[in-house]
Amino acid sequence: DTAVSQTPKYLVTQMGNDKSIKCEQNLGHDTMYWYKQDSKKFLKIMFSYNNKELIINETVPNRFSPKSPDKAHLNLHINSLELGDSAVYFCASSSASSGNTIYFGEGSWLTVV
Amino acid sequence: DQQVKQNSPSLSVQEGRISILNCDYTNSMFDYFLWYKKYPAEGPTFLISISSIKDKNEDGRFTVFLNKSAKHLSLHIVPSQPGDSAVYFCAARKSNTGKLIFGQGTTLQVKP
Chain U
1 DTAVSQTPKY LVTQMGNDKS IKCEQNLGHD TMYWYKQDSK KFLKIMFSYN
51 NKELIINETV PNRFSPKSPD KAHLNLHINS LELGDSAVYF CASSSASSGN
101 TIYFGEGSWL TVV
Chain E
114 DQQVKQNSPS LSVQEGRISI LNCDYTNSMF DYFLWYKKYP AEGPTFLISI
164 SSIKDKNEDG RFTVFLNKSA KHLSLHIVPS QPGDSAVYFC AARKSNTGKL
214 IFGQGTTLQV KP
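Protein chains in written order, with the working numbering: chain U, 1 to 113; chain E, 114 to 225.
This is chain E alone, in the form it adopts within the complex (with noise of 0.2 angstroms):
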């Protein structure tokens, strides 16, 4: 029972171009949701969130989008670099838990 998914094991994409990143979710009950990255051999490391009253949160090149009435979210790289590639980790939260619920991850890779 994944209760988050994301669907697109790899991504590739040009230097400068945007990166696109899903997930999708299957619980009405999450009210917080975040995006980790991570390289090889190292943890996940924390890069944006969102709380589920908001739509959006951008952070520098970063912004989450949440469609909660879809139960997905994206997470978009402008202008993406060569130094984010890495697998990205969607992951949710149910509040009255505090524990995270996390997809598959989905690997960037950004070509100078």
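Next up, chain U with everything else stripped away, as it sits in the complex (with noise of 0.2 angstroms):
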């Protein structure tokens, strides 16, 4: 009964390749999120969808590409990948219902060779 799934959980690809990111969750929140956590284990945020709609992009190469389908769904696509894109990927969600407080997946462990 997994509140935020993503998958997958580990992925090891070469550089150059285009590769997904997939988020689910049921919760019934209207809002999604994109963290990344860097070598220095820093946790930023990198996209926030609203109901479908894109209402945060911090600053991250156009190389990544978020997609929602619908508001349980936030997909994170990765074109061109490079060896500095190895980190670990949260999805998280929240909802003004949950006090905003935000609730994390168990994050995707990419490495990229």
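Keep in mind that the hints were calculated from the coordinates and are not lab data.
Among the hints, erroneous ones may be present.
[To be verified] No farther apart than 25 angstroms at their CA atoms in a straight line, the calculated lysine-lysine pairs in the DSS-like style are these:
1) Lys167/E / Lys40/U
2) Lys207/E / Lys167/E
3) Lys44/U / Lys118/E
[Said to hold, decoys possible] Just a few of them, taken from the derived set where beta-carbon distance is under 7 angstroms, the chain E residues facing chain U:
4) Asp144
5) Pro153
6) Pro157
7) Phe159
8) Ile163
9) Gly173
10) Lys212
11) Phe215
12) Gln217
Just so it is clear, CB atoms sit at the ideal spot from N, CA and C, and this is done for glycine as well.
With the hints as a guide, bring the two chains together.
Here's what the structure looks like:
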């Protein structure tokens, strides 16, 4: 009964490839996020969607493209992967009814070789 | 420009004692603060939060204190248990942005 689930959990891929990470939440939340935890362990927001609309877009290379087919899903597609993209990517969700507390998925460990 | 800082990368405490994790912030526009706990290979899980209009919030063994004048908050865990061993992240939010700014985390080890 995972509230925020993301797949795959582990992904090893070569430079230059295109890959996607999928995220789904069953909490009924209207806002979803992608966060990145880099090698220095900082957690930083990348994108936020509210009811399928992009509301936060931090300074992220345009090789990263989020897609929200509905408010329960927010997928992350990455083109032309680079070594520096290796990180842990966390999907999250929140809503006003949850006091805007953000709930995270388990993370997707991406390694680019 | 790190707006939320956890200056202690690690903390070791004996079981049964109090654990105090600290967090400093620089942006006076933050109106909501949260603590998350993270085990290895898992996502951060929400622990406790506090609004900027309060100076204390308690939930069982966990208490968060906020000192707005010092731009400082702390998480107290008492009594500490071995299962509390994890990385603790402090986070802050500005109401008009909806995004969380995280500190770099403090690894807590509670020894039996």
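For this session: Enumerate the violated hints, using their earlier numbering and listing them in ascending order.
Result: 1, 4, 5, 8, 9
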